[in-house]
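Asks: Each chain, written out:
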Amino acid sequence: MRRGGLLLTLLAVALAWPAFEAWLLPGGWSVLDAVKSIFIFAILGLALNAVTGFTGILNLGIAAFMAIGAYAFAILTADLYPFQLGFWPAILLTLPIGALAGFLLGAPTLGLRGDYLAIVTLGFGEIVQDVLKNVDSITLGTQGINPLPAPTVPWWKTAEDGSRSFGLVDLAGETQGAGPYVSYYLFLGFLVAAWLVFRNLELSRVGRAWMSIREDELASRSMGIPPVRTKMLAFATAAAFAALSGGLWASWLSSTGEPANYDFQVSILALCIVIVGGMGSIAGVLVGALVMIGVNSILLVKLAEWLQARGVGASGSVFLSPNNWKYLLFGLALVLMMRYKPDGLVPAAGRGARKPAGAKR
Amino acid sequence: MPFTRPATLAARLSRLIPVALLAASAAHAADQIKIVSSLPRTGSSNAQTTTMVNGIRMAIDEVGGKIDGFEILYEDMDDASPQRGNWDPAVEGQNANKAAKDPLVVGYIGTFNSGAAKIAMPILNRAGCVMVSPANTYPGLTKPGFGEKNEPKVYRPSGKVSYFRVVPTDDLQGSVAAEWAKELGATKVFVLHDRELYGKGIADVFEKRAKEIGMQVAAVEGIDPKAANYRSLVTKIKASGANFVYFGGTTQNNAGQIAKDLRSGGVDAPFMVPDGCFEEAFIEAAGAANLNGKTYVTFGGLPADQLTGKGAEFRERYKAKYGTEPEAYAVYGYEAARVLLDAIDRAETKDRAAILAAVAATRDFSGALGTWSFDDNGDTTNRVMSGQAVIDGKFTFQKVLGR
Amino acid sequence: MEFTPAEVFAQQVVNGLSNGMIIALIALGYTMVYGIIELINWAHGDLFMLGAFLALTILGALGLQEASGPMAAVAVVLLLVTSAVFCGSFNVLADRIAYRPLRNAPKVSLLVTAIGVSFIFVNLGLFWGGVPMEVFSGGIAAAAPKDFPALVPSRNLVGTDDGVHFTLRDLLVVAVTIPLMVSLWWLVTRTRLGKAMRATAQNPTAARLMGIDTDRVIASTFFLGGSLAGFASVVYALYNNTISFQMGYRAGMDAFTAAVLGGIGSLPGAVLGGLLIGLTRSMSDQYIETRWTNALVFAILIIILVFRPSGLLGMKQREKV
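Chains as they are written, first to last, in the numbering used here: chain A, 1 to 361; chain B, 1 to 403; chain C, 1 to 321.
Simulated from the structure, these hints should not be mistaken for laboratory data. There is no bait here: all hints are sound.
Which stretches of chain C does chain B cover? Using the computed rule of at least three CB atoms under 8 Å from a CB of chain B, they are:
hint, stretch
1, 146–155
2, 227–241
3, 246–259
With a Cα cut of at most 30 Å, we get these calculated BS3-like pairs of lysine-lysine:
hint, chain 1, residue 1, chain 2, residue 2
4, C, K107, C, K195
5, B, K211, B, K149
6, A, K302, B, K101
7, B, K188, B, K226
8, B, K66, B, K321
9, B, K66, B, K160
10, B, K143, B, K101
11, B, K399, B, K319
12, B, K399, B, K211
13, B, K321, A, K302
14, B, K66, A, K302
15, B, K208, B, K294
16, C, K107, A, K341
17, B, K226, C, K107
18, B, K160, B, K149
We treat Cβ as the ideally placed atom computed from N, Cα and C, and that holds for glycine.
Model the full structure from these sequences, guided by the hints.
Replies: See below:
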């Protein structure tokens, strides 16, 4: 019940945030954009949680699937390619494309155990990046593909003659003035949808099979759960939603950015979101995304700004520039959170989510 | 759209909040203007961007922190995040949005990476906020026909040019570099690049031009900028029989290590690099002994010690203030800030549109890089390129390149 | 004289083995710590980086940048010893402060802690580069790569200068790594401490019951693993002559890959994995294309693991019920 309360509170805060911000914070303090990236990374975190949290497979290459989603979205929509789909068909197609990529990687390797599989995912992440960089006749290499269509929503359009009609409205021009709120709520909507999907999976037969694999693969096999097929399902689901987050990301930025934007550091960030939040806990992932992206893109940014505004760092010394302390503070935050909350901020509820002390594998 | 801010109520509420920092931004807003820079300050580009920010701060200090009665606020925004260790597209987007929304902001100096510019440009363009880049060299950002077929108009949703740069683009520098290489006696070149937008772009142009003017290109190889060393690559270069090596890339992407491995691997062919390596850090990273006499650097402008007038003064002041010679990056940062301040001065207002028009109207600007104008695309007309050689551990001016 | 294809190949073997041995040395520290507490010690590469910064600082402080001949040899030994002791102690400290409180926590929490420690180390490296010393070029460009003095010249030791080079630096790598590997092997298999380590790795609870002070054994492992990183950092710096606060990332990644490729926890496996990665890199650079080298290393890793799921020399894990 507490957990449900927490989720509802988070949702309420997310819903009310734009209004709160518009009323209380001066323009320069708006964090709406950072909150949108919290939503997108929360989806990535939920995806990773399915494979790492529920099923217990350490995946160090989730960013590769995010990259695949972003580039798939770009190739399906950008006017440099023959497809030129709109936002909705393309974003929905990232799901099967991601799942397929997950299947292709998972099929030969999911028989591997523990950290051997972890390094396969890490290696896959590196390979995807190199391929995106090197096959520049298709991916434009490090240039990134742009522009990409912004999300569209059914909304009232005002035509030039002043008449209003209802139809799909492009949200591209809304970053200034009018309403960043529509795309804010759209991304929030995607997050809520992903959350509902994973919540239902968690409580379903599939989810219970995932968790039984995590707890004891041998025992669950003897109970008739096929380990490789079950893991495959988790792996592909995670890949699909990671790809979705990549597509949303690219649409939001209107660019895929460069392949290095989906490097190992992103996988690590996603992992930190899941672990800091609480492995296998959906509420935990949401809190984890809030905390990690919050520290990375809001807290440290604002702190540096605030110190700068007070003249700190103007001398050009490496030690005094607030920006040069970010690594240290980020690392310290991770260490301290794990030190005092080793099971995460919102640990998964009951049901033997945690292994007995000292147990191996 | 749904929420608009009733100014009076917001003001009243913000006064109620006992947070000094909120109050600070509200005070004296009428006679303040703000210039922001958005450069990657965390991680690998820190060394270069530090000198740029030094240059920007100096330009602001030179006018006494005031212009036309407006107090100039400056914010050094970071478009990198600790988690990425390099420019972060989300943060760049945030920075641009933040600047676009902040009515005090009249100019945006950035970005460092051309990829980041692609994200910030449309956002700032819609907001009518002028953007001056001290570092982007990817031609497609401004020049039709040099990038993808939809460039550069995709960066100008408002239809107006709002992006300007004080650095010459890769297509210029790459081709004068090839011409200079030929003059230096190159017949067979081995072209390397760091597989990034800047490095690959300039190397591609170099390769194309080299072939046009009759040089043989042994191979074009994209390196791994994080590798510990390039001995295997050097062995390959040695086996190829090339008598000249070009590297399109930056100090940060291991130019120094390549130079070292060339020399220790027994390749004594001349080595040429673009302005991404025109900084003391390159000589220090490579070790002067590995560069002396056989290393050439091209740069889009005249080096500080060749400048007269404004440029010479800049050099003296920079040395006095920061205790080092100003580097290429410092000059670019300084120049970007100067041209922006100059436009604000001429516009005599804090209106973005007027300032944008004033920047676009910049003609015969006498700055630290020489006298130049902005063309209709927003590019500098500065075509003066210079070639440096490393002699006795110092960049030594050789000649003016190009037109 | 022409550089014949056979000579090119031989040269690439030399390049690959030298680089591979350095990777192997780092991987050994990685695999030892992994073997005993199952920690993927993400900060290992960055610890290695700090070791190199210490070495450069010592050179600067003692004014040994220009040393040559016997003086250089003395300096090299001094650097090896100090960096090894420093990295070993620092690793123990990191364990004491960050990892030890989490002994009973989930494995992945430990991994996140290690990632956090790695970020802290990287930042320390950045600040270290800003120390106003001559060797750090006055500390003005803290983030820039630093030149490491060429105490060991790259003088060719075999044949003519036109042919294959096997330099004094290649010899240095061999001369430091092989004895270290042999003594490590001896330590783990022939001493009481080694026995205690193996016991702790196998079953910490049982080891404790048998009267083994597991905390001390783990601390010793961290010290040994760290000191290997320290040795490796000096060899790396003398071999490549450049250090940077970000060099730990690739070093750590290579070492991790080598350790897994060889079979995690296996000392000969880590060495074999390191050599294999080194050779793959140089062969790919020569015969394929540099831009595909990194992808190729990981592709080979994945293929090998598909056919040998516990790495090349790893023991097949029996499942415990």
